[in-house]
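Asks: In the order they appear, the protein sequences are chains A and B.
Numbered by UniProt numbering, the letters in the first sequence go through residues 1 to 281 in order.
Numbered by UniProt numbering, the letters in the second sequence go through residues 1 to 316 in order.
None of these hints come from the bench; they were simulated from the model.
Just so we're clear, the structure is a prediction, and the values are computed from it rather than from any experiment.
C-beta: ideal position from N, C-alpha, C; glycine also.
There could be a bad hint or two in this list.
So, partial list: chain A residues that the calculated Cβ filter (under 7 Å) puts toward chain B [stated by the list, open to error]:
1. 10
2. 13
3. 40
4. 43
5. 53
6. 61
7. 85
8. 89
9. 92
10. 133
11. 135
12. 137
13. 254
14. 258
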Amino acid sequence: MVGLSVGEKHFIQGGIAQDLRSDGRKRLTYRPIYVETGVIPQAHGSARIRLGATDVIASVKAELGKPSALQPDKGKIAIYVDCSPTAAPMFEGRGGEELSTELSVALQRCLLGSGIDPSSLVIVEGKVCWDLYIDGLVISSDGNLLDALGAAIKAALSNTGIPKVNVASETSGDEQPEVNISDEEFLQFDTSGIPVIVTLTKVGRHYIVDATSEEESQISSAISISINRKGHICGLTKRGGAGLDPSIILDMISVAKHVSEQLINKLDSEIAAAEANEEES
Amino acid sequence: MMQVRPNLDYEGPKSHQHHRAFVFGFEYGFLKEKLDQKEAAKRANEQLGFVFDIGPNPWSKPATSSFGCKPSLVKMEYVSPEGLRLDGRRPMEMRQIRAEIGTVARADGSAVFEMGNTKVIAAVYGPREVQNRSQQISDQALVRCEYSMANFSTGDRMRKPKGDRRSTEISLVIRQTMEACILTHLMPRSQIDIFVQVLQADGGTRSACINAATLALADAGIPMRDIVTSCSAGYLNSTPLLDLNYIEDSAGGPDVTVGILPKLDKVTLLQMDAKLPLDIFENVMGLATEGCKAVANYIREVLLENTKQLEYRRGL
Numbered sequence: 001m002v003g004l005s006v007g008e009k010h011f012i013q014g015g016i017a018q019d020l021r022s023d024g025r026k027r028l029t030y031r032p033i034y035v036e037t038g039v040i041p042q043a044h045g046s047a048r049i050r051l052g053a054t055d056v057i058a059s060v061k062a063e064l065g066k067p068s069a070l071q072p073d074k075g076k077i078a079i080y081v082d083c084s085p086t087a088a089p090m091f092e093g094r095g096g097e098e099l100s101t102e103l104s105v106a107l108q109r110c111l112l113g114s115g116i117d118p119s120s121l122v123i124v125e126g127k128v129c130w131d132l133y134i135d136g137l138v139i140s141s142d143g144n145l146l147d148a149l150g151a152a153i154k155a156a157l158s159n160t161g162i163p164k165v166n167v168a169s170e171t172s173g174d175e176q177p178e179v180n181i182s183d184e185e186f187l188q189f190d191t192s193g194i195p196v197i198v199t200l201t202k203v204g205r206h207y208i209v210d211a212t213s214e215e216e217s218q219i220s221s222a223i224s225i226s227i228n229r230k231g232h233i234c235g236l237t238k239r240g241g242a243g244l245d246p247s248i249i250l251d252m253i254s255v256a257k258h259v260s261e262q263l264i265n266k267l268d269s270e271i272a273a274a275e276a277n278e279e280e281s
Numbered sequence: 001m002m003q004v005r006p007n008l009d010y011e012g013p014k015s016h017q018h019h020r021a022f023v024f025g026f027e028y029g030f031l032k033e034k035l036d037q038k039e040a041a042k043r044a045n046e047q048l049g050f051v052f053d054i055g056p057n058p059w060s061k062p063a064t065s066s067f068g069c070k071p072s073l074v075k076m077e078y079v080s081p082e083g084l085r086l087d088g089r090r091p092m093e094m095r096q097i098r099a100e101i102g103t104v105a106r107a108d109g110s111a112v113f114e115m116g117n118t119k120v121i122a123a124v125y126g127p128r129e130v131q132n133r134s135q136q137i138s139d140q141a142l143v144r145c146e147y148s149m150a151n152f153s154t155g156d157r158m159r160k161p162k163g164d165r166r167s168t169e170i171s172l173v174i175r176q177t178m179e180a181c182i183l184t185h186l187m188p189r190s191q192i193d194i195f196v197q198v199l200q201a202d203g204g205t206r207s208a209c210i211n212a213a214t215l216a217l218a219d220a221g222i223p224m225r226d227i228v229t230s231c232s233a234g235y236l237n238s239t240p241l242l243d244l245n246y247i248e249d250s251a252g253g254p255d256v257t258v259g260i261l262p263k264l265d266k267v268t269l270l271q272m273d274a275k276l277p278l279d280i281f282e283n284v285m286g287l288a289t290e291g292c293k294a295v296a297n298y299i300r301e302v303l304l305e306n307t308k309q310l311e312y313r314r315g316l
């Protein structure tokens, strides 16, 4: 991205202070969200989300695996994010690794704790379970990647159909049981409990939601909060170097809760529309 | 059910994907446990309608192969007696192509190219200042390319999206092909970056990447001698086949990839695996070249349509 001049920086900060951002939005308005589901046919579930110029794809793949010895009654879920160099030339080679790791860890923190129940993934306790691999790919980046990825994962999970498994026979000891994967029947996830991530960026004295990359270059600090439908906080990450007064953090959390209600409703309706579209085509 | 016969000329798997011949074609692939191979083979027989047997195979590599049988050893029908291929195409028929320009807003030029189930995004950044001063060329532009595959692009989940040897080789191939057609002497001391990302891989990724890169370069307005188009062709069951998909590609038969400059009628890329007698090779290469010309026609239409849209938006 080309650097910003001092005049441009003042313009952005001034606009935010007056509740009129460079693209005409208010401080707490999201860009229009476009959702497409089922974009990767060979994955069990997938979705593509466009938030302005930010474009991300999430895919969910389930493979049979063995549960870990420490938690034999739970399946395993892993989230990986990859930043494609098509989004920015600096992601070439290993350049995007730092950002990818940061996003993967933040998503794991926000979504894994309360989003999906790992005990629903177990097939035979201690022997066979589903390993869920959630992969995110950033194709085009214009700020607010975390929110977009969180929304994409939510959409991909609601699109996911895990095949029904019949355990063939009872085996004892260390033998691996025979499992037949059914072709026809699928289990859909219940995604109403999955939280959305709202990133609040503090520029000057005000907070904005859904920053573009130009606005993100001006942040003093940002908080990403994942909130579910009931209004419970499922995860929190603070980024940025500037220190924040605790009262400001509490204020930001309440603002995020308010924003998240609209976001959840909007997202759910878009996902439902996308799935309906997918079924028609 | 036919028995597996040993093929003493067999040199080994082409890539780690070779053994997983049907992974992409079927939803869940084959499990690593042997128990399901018979079930999987039964399903393969039902779905594809050919005979496939898995027996104990002493020549398989136990660590890497997911099932014991090498597909190239079995007499499989890639072309049915009626002349239909596995996905219902005729031997000389290409898969459906679709292209879209300008998908990545931040890039100088970008395009999405689909050939059947293979879907590829290309983004071009440039011409811009050279990032690494030591690589700067004083009388030409520096062209760089990176090819990466998404984790979910193949049937089995890939662990390492970039940096493996196949990706490095394909990056090199695409870079050399595009460098030959870009007028680099017009932009000295600058750098053009071509990034190609594979979203879905179903055979012919190399060709799809080159076609996507051409469109992205045209979208970025970078001066070129001609567009470069590419297509692959193979030879299975004594029939030349155009535009191989993943299953046909993994069959172990020859795979000829051709890249041409259509107006100048010159070949810029030619690669082949396995072996072919010379007269059949001419046939197959001719077929791939015809495929390239068909792609070129489509690309020209897409570019024209894009220019009309731009004119319309400018109010002309």
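Asks: Can the hint on residue 53 (chain A) be confirmed by a CB-to-CB distance to chain B that is less than 7 Å?
Replies: This interface hint holds because 4 Å falls under the 7 Å limit.
Asks: How about residue 10 (chain A): closest beta carbon in chain B under 7 Å, or not?
Replies: violated, 23 Å
Asks: Can we keep the residue 61 (chain A) interface hint, with Cβ of chain B closer than 7 Å?
Replies: holds, 5 Å
Asks: Let me know if the C-beta of residue 92 (chain A) comes in closer than 7 Å to any C-beta of chain B, holds or violated.
Replies: holds, 5 Å
Asks: Any CB of chain B closer than 7 Å to the CB of residue 137 (chain A)?
Replies: holds, 5 Å
Asks: Just to be careful: measuring from the Cβ of residue 89 (chain A) to every Cβ in chain B, is the smallest value less than 7 Å?
Replies: holds, 5 Å
Asks: Return the status of the interface hint for residue 40 (chain A): holds when the least beta-carbon distance to chain B is below 7 Å, violated otherwise.
Replies: holds, 5 Å
Asks: Let's test the interface hint: is any C-beta of chain B closer than 7 Å to that of residue 133 (chain A)?
Replies: Since chain B brings a Cβ to about 6 Å from residue 133 (chain A), closer than 7 Å, the hint holds.
Asks: So, residue 254 (chain A) near chain B? Judge it on the closest CB pair being under 7 Å.
Replies: violated, 34 Å
Asks: Hey, does the residue 13 (chain A) contact hint survive, CB to chain B under 7 Å?
Replies: violated, 22 Å
Asks: Holds or violated: is the Cβ of residue 85 (chain A) closer than 7 Å to a Cβ in chain B?
Replies: holds, 4 Å
Asks: If you take the shortest Cβ to Cβ gap from residue 43 (chain A) to chain B, is it below 7 Å?
Replies: Because about 5 Å separates residue 43 (chain A) from the closest Cβ in chain B, which is inside the 7 Å limit, the hint holds.
Of the hints listed earlier, those the structure fails to meet are numbers 1, 2, 13 and 14, in rising order.
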